[in-house]
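There are 2 protein chains.
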Amino acid sequence: MTRAPVLAIDIGGTKLAAAVVEPDGRIAAYDRIATPARPGQDAEDLWRALESLLDRVTEQGRVTAQGGVTEQGRVTEQGSEIAGVGVGCGGPMTWPAAEVSPLNIPAWRGFPLRDRLRERYPGLPVRVHNDAVCVAIGEHWQGAGQGRDNVLGMVVSTGVGGGLVLGGRLVDGASGNAGHIGHVIVEPQGPPCECGGRGCLEAIARGPGLAAWARAQGWRQDQGGDATGADLAEDARQGHPVATAAMRRAGRALGIAIASATHLCDLEIVAIGGGVSQAGALLFDPLEEALRAHARMEFARRVQVVPATLGQTSGLIGAAALLHEGNRYWNP
Amino acid sequence: MTRAPVLAIDIGGTKLAAAVVEPDGRIAAYDRIATPARPGQDAEDLWRALESLLDRVTEQGRVTAQGGVTEQGRVTEQGSEIAGVGVGCGGPMTWPAAEVSPLNIPAWRGFPLRDRLRERYPGLPVRVHNDAVCVAIGEHWQGAGQGRDNVLGMVVSTGVGGGLVLGGRLVDGASGNAGHIGHVIVEPQGPPCECGGRGCLEAIARGPGLAAWARAQGWRQDQGGDATGADLAEDARQGHPVATAAMRRAGRALGIAIASATHLCDLEIVAIGGGVSQAGALLFDPLEEALRAHARMEFARRVQVVPATLGQTSGLIGAAALLHEGNRYWNP
Numbered sequence: 014m015t016r017a018p019v020l021a022i023d024i025g026g027t028k029l030a031a032a033v034v035e036p037d038g039r040i041a042a043y044d045r046i047a048t049p050a051r052p053g054q055d056a057e058d059l060w061r062a063l064e065s066l067l068d069r070v071t072e073q074g075r076v077t078a079q080g081g082v083t084e085q086g087r088v089t090e091q092g093s094e095i096a097g098v099g100v101g102c103g104g105p106m107t108w109p110a111a112e113v114s115p116l117n118i119p120a121w122r123g124f125p126l127r128d129r130l131r132e133r134y135p136g137l138p139v140r141v142h143n144d145a146v147c148v149a150i151g152e153h154w155q156g157a158g159q160g161r162d163n164v165l166g167m168v169v170s171t172g173v174g175g176g177l178v179l180g181g182r183l184v185d186g187a188s189g190n191a192g193h194i195g196h197v198i199v200e201p202q203g204p205p206c207e208c209g210g211r212g213c214l215e216a217i218a219r220g221p222g223l224a225a226w227a228r229a230q231g232w233r234q235d236q237g238g239d240a241t242g243a244d245l246a247e248d249a250r251q252g253h254p255v256a257t258a259a260m261r262r263a264g265r266a267l268g269i270a271i272a273s274a275t276h277l278c279d280l281e282i283v284a285i286g287g288g289v290s291q292a293g294a295l296l297f298d299p300l301e302e303a304l305r306a307h308a309r310m311e312f313a314r315r316v317q318v319v320p321a322t323l324g325q326t327s328g329l330i331g332a333a334a335l336l337h338e339g340n341r342y343w344n345p
Numbered sequence: 014m015t016r017a018p019v020l021a022i023d024i025g026g027t028k029l030a031a032a033v034v035e036p037d038g039r040i041a042a043y044d045r046i047a048t049p050a051r052p053g054q055d056a057e058d059l060w061r062a063l064e065s066l067l068d069r070v071t072e073q074g075r076v077t078a079q080g081g082v083t084e085q086g087r088v089t090e091q092g093s094e095i096a097g098v099g100v101g102c103g104g105p106m107t108w109p110a111a112e113v114s115p116l117n118i119p120a121w122r123g124f125p126l127r128d129r130l131r132e133r134y135p136g137l138p139v140r141v142h143n144d145a146v147c148v149a150i151g152e153h154w155q156g157a158g159q160g161r162d163n164v165l166g167m168v169v170s171t172g173v174g175g176g177l178v179l180g181g182r183l184v185d186g187a188s189g190n191a192g193h194i195g196h197v198i199v200e201p202q203g204p205p206c207e208c209g210g211r212g213c214l215e216a217i218a219r220g221p222g223l224a225a226w227a228r229a230q231g232w233r234q235d236q237g238g239d240a241t242g243a244d245l246a247e248d249a250r251q252g253h254p255v256a257t258a259a260m261r262r263a264g265r266a267l268g269i270a271i272a273s274a275t276h277l278c279d280l281e282i283v284a285i286g287g288g289v290s291q292a293g294a295l296l297f298d299p300l301e302e303a304l305r306a307h308a309r310m311e312f313a314r315r316v317q318v319v320p321a322t323l324g325q326t327s328g329l330i331g332a333a334a335l336l337h338e339g340n341r342y343w344n345p
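Protein sequence lines, in the order shown, are assigned to chains A and B.
First residue of the first sequence? That's 14 in the working numbering, and the numbers climb one at a time after it.
First residue of the second sequence? That's 14 in the working numbering, and the numbers climb one at a time after it.
There is no bait here: all hints are sound.
With the C-beta cut set under 7 angstroms, the calculated list includes, among others, these residues of chain B facing chain A: (1) A191; (2) H193; (3) E281.
Not the full set, but computed from the structure, chain B residues with beta-carbon under 7 angstroms of chain A: (4) V184; (5) G186; (6) N190; (7) I194; (8) C208; (9) S273; (10) A274; (11) L277; (12) D279; (13) H307; (14) R309; (15) M310; (16) F312.
These aren't lab readings, by the way, just hints derived from the structure by calculation.
Treat the numbers as computed from the prediction; the structure is a model and nothing was measured.
Note that beta-carbon positions come from the ideal geometry of N, C-alpha and C, so glycine has one too.
Take these sequences, add in the hints, and give me the full structure.
Here it is, written out as structure tokens:
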């Protein structure tokens, strides 16, 4: 465990967020911006926007990161030196080298994120993992999965991602891609998935997929393609029948995928975050129904499914844990 | 790693097998009997049959197991002392306490297998795991998965079982039940499964399930329920169209389940053993077709699916590895 704070970064298609995170998980400084997405934008525009964000957050947190740190936790006149940089970033990426090509950030294709951060913070460790993996780590370290050894953390939002902690340690798999619960197959003849396959959980339960399905049933057709999965969750809470049916559809798909994952990995608890999960019981009730219909063996019946508890900052807290709790979460 | 040999035991519904296994995985002695299954048989009948088998194998292997071993690898006039007892047994069981209730051995319900073996071999460590998990361990240690860090070992036979090695270590999950690939859901509205669920891989691809499906299509109806999955594999090799179609059905289900497992766990290699897998290309070709249709992301396309290589002794070798390679395979 590091004793100095860590600079944590969360890079997604919607927002860039950064924080200074203390060894106990407390957030000492935080800022965010909408992910710049001008037409014709190049990789360096986005990098410069990230740099400004990082400068503001380190200033706000009174931390320095001049490099050449030899004594962790040293407090200078400027504040604490940071112990390293932890990053959650949308996939795919090479791992652990972290040349990133986030699906929702077209400006970065094979962008050498780890190397650029190493240049900016010379001498400091820089650890990058998938953003949904960081959410799962955050929930295991400080959130809904705390104290459990076998946890699946999930994000159900524009995509469906996740991360897997088994035996108390993050599972990376052969190439850092373990945790792709969104591509567990729940309906083999189902809709095509962005991954090129068919019937993946993500093809059914991702926000845009749900919204498209609901529009085909008459929901908010006047708004064209602008209404989102979050709008759908909101309408479901208001009792809109098509929106409610969409949440049932997503819930059933989630229940089947979680039953499969529980049988394969003998999970104790599944924590679900992300915009679509905001629908609450409208999503979790059909999820439980499908899960309990398919997970019948005694060990599988014990699995619990709960909402994630850390909210928007879970990815940052998980990114920080890549350094603060590297023995559990960083094993490339 | 232990330096003395281990007494390995494989307990299934069809046979009881035992071996003396050297630290390098070599089998120094081996014997087997058909699992006694007289009507009205009680738990002690079966235990006595196992004891006779163990006596024959230890005598054949010139090993002793008098208990109170303090110096591993000591060679006595009678031969080597064994370093411990490793067991693969059909599930379900409590784990690691190993009160076993093997589905196909009705005489044992909550039978205290570990405690009975401890009484018989006082002072020696006794380690019991699921039989399919032991096959997976065997294939990882000495077989098709050797040298890989992320391996799923499978048995497709009367049931469909498996074990999961991730990051080079066996994954146990919350209760020793990780690896239940047979209950990954491949067809949510599919046939009911013995587990109480529906559409599990096992409900479709287990030998008896395949044979029942084939009989419903006209295959060997004159034989009633006696023809098995192995007969079906044999008939498929001879070109019987219904038998061939049954293997395609199983192959597709396996391909879908393996795609899901690969996405969730980022596997490198899947090794498949058991009677049904003897159908060779008739099973593996449709398996590959379904797998490649569903596993499209770059990391998932890299997974290999191969036949297990150790054959009948894989479970014994894996059971021995619970002691010989306990650091990798025994973490209750």
